[in-house]
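Sequences are here, hints too, so could you generate the full structure?
Chains as they are written, first to last, in our numbering: chain A, 13 to 549; chain B, 606 to 878.
FYI, nobody ran anything at the bench for these hints, they're computed from the structure. Incorrect hints may appear among the rest.
Only pairs whose alpha carbons sit at most 35 Å apart, straight line, appear in this in silico DSBU-like list of lysine-lysine [unchecked claim]:
| # | chain 1 | residue 1 | chain 2 | residue 2 |
| --- | --- | --- | --- | --- |
| 1 | A | Lys446 | A | Lys541 |
| 2 | B | Lys678 | B | Lys663 |
| 3 | A | Lys62 | B | Lys696 |
| 4 | B | Lys822 | A | Lys62 |
| 5 | A | Lys62 | B | Lys663 |
| 6 | B | Lys682 | B | Lys696 |
| 7 | B | Lys682 | B | Lys734 |
| 8 | B | Lys678 | A | Lys62 |
| 9 | B | Lys696 | B | Lys734 |
| 10 | B | Lys624 | A | Lys62 |
| 11 | A | Lys62 | B | Lys682 |
| 12 | B | Lys624 | A | Lys541 |
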Amino acid sequence: MTWLIVTFLPYDETKNLPLYTFSTISRIGITLVVSVAWGVSFGILAATNKWASLILTPVIDLLQSIPILGYFPMVIGFLFALGPLGIELSVMVLLFTSMAWAIFFGVIGAIRGIPTNVAESSRSFGLTGWRYIRHVILPAITPAVVSGANLAWCDGWFFMIAAEYIQYRGDVISPPSGGLGFLLARAAYEYRDMTLAAVLLIFITFIVVYFNTLTWHRLIDRVSTGTYKPVIRIDLSGVGKLGVAKASIWIHFGRLHWPKSFSIASQRLRRYTRVEKIVAIILVASTIFFILYNVFGQIPTIANIQGGFNRPPAEELVYLPVFIVLTMGRLAIAYGISLTVAISMGVLAAEHKRFATIFFPLYDIGQGVPILALFPVLSLGLNQIIGDQRIALEITCIIMLVLDMIWYMFLNIVSAVKNIPTEINEVSQLLGFKGVKRITHIVIPSILPAIVTGSILSWGTGWNTIIFAEYLPSTSSGIPPTSIPGIGSLLDKAGYEYGNTVILIFMLGIIAAIVLLMEGLVWRRLLRKFEKYHVEV
Amino acid sequence: MSVLEVEHVTKTFANNNTKMLAVDDVNFSVRKDEFMCLVGPSGCGKSTLLRIIAGLEKLDFGRILFQGQPIDKPTPKIAMVFQLFGLLPWKTALENVEVPLEVLGVPKENRVHIAEEYLRMVGLDGFEKTYPHDLSGGMKQRVGIARALALKPEVLLMDEPFSSLDELTAKTLRELVLNIWQNPALPTNTFIMVSHNVEEAVFMADRVIVMSPRPGKVIGEIRVNVPRPRSQYLRDKEYFRYVDEVIELLEKGKAIIKDKSPLSLTAKRSSKF
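What follows is the structure, encoded as structure tokens:
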């Protein structure tokens with residue numbers, strides 16, 4: 013395949029494809045090792061030490077919800093000064109910011125999931141301190157670490173295209189040793205070569221799927237069978253193994269069993285005490301202060317902040333309400349589409365075995381496509397078909413959002429459908445529910461909690477994606493960036509084009525405020541309302 | 606001679622601003638070589654009390670004396686058998702028995718030897734290399750018992766050890782536990798068992814302490830004077846007299862709560878007339 017690309021396409025960079033492949037794989041690999049080391053040590057610390065947990069958990073939860081772009085100022089401020097090595101490092105730091113959380117939260121979830129009788133008996137037989145870690149914690153978290161690492165690996169590929177093609181103040185900064193993400197971005201943005209981009213996308217998908225089926229499945233199978241089963245149950249027979257790996261972060265949060273994701277999400281929403289919230293606010297405030305301090309090289313004064321609000325793209329801030337409405341509209345359309353499709357697919361798959369056997373393998377391969385990498389390819393393709401760049405981008409944006417959001421919806425719904433207890437099914441048979449009645453009286457109510465959970469997760473990931481999806485970056489060959497109006501694109505402009513940190517942080521604050529507002533006003537209420545529908549299996 | 610003394614033990618659980626008195630001023634002592642059983646309905650604090658004795662739970666008031674010394678953390682002299690076995694799923698039967706010995710600093714060959722010996726004693730030879738996942742419930746509890754005994758404790762605590770097993774298995778294991786208790790070659794001769802099964806308690810114990818729920822209080826104790834081995838007396842009037850006595854005490858415990866509850870029928874009637 014490599015040979016095919018090298019021979020057929022007349023670009024210089026494509027000759028370096030083996031090198032690029034190698035450098036991307038090793039970049040993600042190295043970051044993975046660092047993430048595992050960090051996630052395991054900090055996860056154990058946060059799960060076993062009350063004080064560490066008080067500080068670490070809310071801070072890390074907040075940090076992980078900041079999109080990759082939010083880390084730009086800090087990373088650039090520190091590392092670009094180091095030259096080529098610094099650029100390589102900053103790519104890895106950016107990858108780390110998207111990869112490490114899965115492992116961290118997986119470890120915490122697994123430790124919290126150790127059954128009381130195991131923990132108590134260990135304590136009563138004198139297993140404390142390091143002995144407890146060695147004999148109880150480490151074996152208990154192994155499956156979580158492996159599937160968390162798999163998830164991190166997938167996330168790494170997902171964000172690679174953003175991390176290897178960094179835009180900063182109008183310049184494109186790419187890692188000296190190149191990379192597949194860089195090549196794909198260049199093919200799509202600069203050469204506008206649809207064929208090359210599509211081939212590269214297939215190539216990347218192939219690599220991801222290859223590693224997933226060969227390495228990760230075996231590892232996961234190994235750690236989750238036989239001896240480990242009673243404590244840590246990861247249901248691999250579910251939607252598809254790739255799917256499970258990607259979703260496992262939510263699973264690990266609670267009791268390591270994914271039908272429970274509903275209770276997990278509600279736990280997540282209710283988790284923080286007032287003290288923790290205050291600690292988190294203080295720490296985040298000081299982090300922002302620290303970032304500002306580094307960017308400006310001095311203590312941020314009111315004059316600095318005012319200066320930030322006077323520089324472009326400040327003039328666009330007037331349209332902020334419009335932007336919010338536009339962005340929310342895009343998210344809502346995408347959510348509506350994903351909801352409808354996911355529910356109908358989920359119900360179909362549950363009701364018709366034959367449909368499921370055709371659908372699940374297709375769905376599995378679909379998992380392997382790094383959605384972010386699809387972005388340049390899609391927008392380029394649509395642009396060539398439609399001819400208007402903005403309309404093309406608008407459609408691309410919604411497709412991206414749908415592809416991203418539908419995933420969580422579908423995963424939750426299918427697992428819920430599969431976990432409708434046999435008794436309920438038997439009751440519905442005895443009462444003679446069939447067809448539409450069965451769906452409205454039995455299937456839909458029993459998956460409602462899963463729909464709420466899926467919605468929360470999919471809106472979360474939607475906000476993350478919209479930051480990329482409203483903005484098509486410029487190229488080093490001088491083609492100006494294209495964007496559609498919205499908060500995501502405004503944030504990108506502030507970050508990519510003008511390097512205006514004040515507005516960047518302001519926009520992140522606005523997004524955070526909207527997310528929190530929706531959580532409080534919509535999701536919490538729905539969660540509470542449908543909690544009683546949840547059937548404990 | 607009493608090995609263990611429970612003096613004025615009180616324990617409160619705080620949960621969402623509401624405080625629940627789980628164990629309220631409990632006093633008793635356990636003599637050497639005695640088989641004592643704590644009986645009560647669920648939620649009467651008997652398991653909490655056992656956990657306090659094991660050093661797993663801190664008490665709010667009172668103290669536990671073991672051979673005259675106060676204890677507040679787990680000690681190898683007092684071992685425990687758990688209702689849900691508490692085995693480490695990633696360790697084989699043999700390794701599960703070995704782990705506490707490793708904590709005590711027993712060298713490797715020695716502890717393998719000891720663990721094998723105790724597994725043989727509970728009838729598990731041939732299953733040393735098996736993981737808990739592949740053992741039946743009864744076998745898991747055998748491992749749990751072997752693990753506790755391997756420490757050569759003086760007191761063995763058992764928290765509803767047979768209640769997650771089927772009746773046939775439970776019966777076999779009761780005999781096994783009684784044999785261990787009566788075996789003079791073993792240093793472990795003082796047993797405290799928590800149970801909600803009255804017949805099981807009367808069958809096994811020298812003395813049954815009955816507790817009432819919310820708050821957990823001792824409402825009476827019964828000395829069981831049925832000669833051992835008791836399996837031959839299981840159909841005797843004598844045996845059922847003890848069972849009835851315990852049940853009567855339990856009913857009395859229930860009545861106490863009813864009187865206190867504002868919703869109970871008796872309370873309503875008394876306020877009306």
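Which numbered hints fail: Failing hints: none at all.
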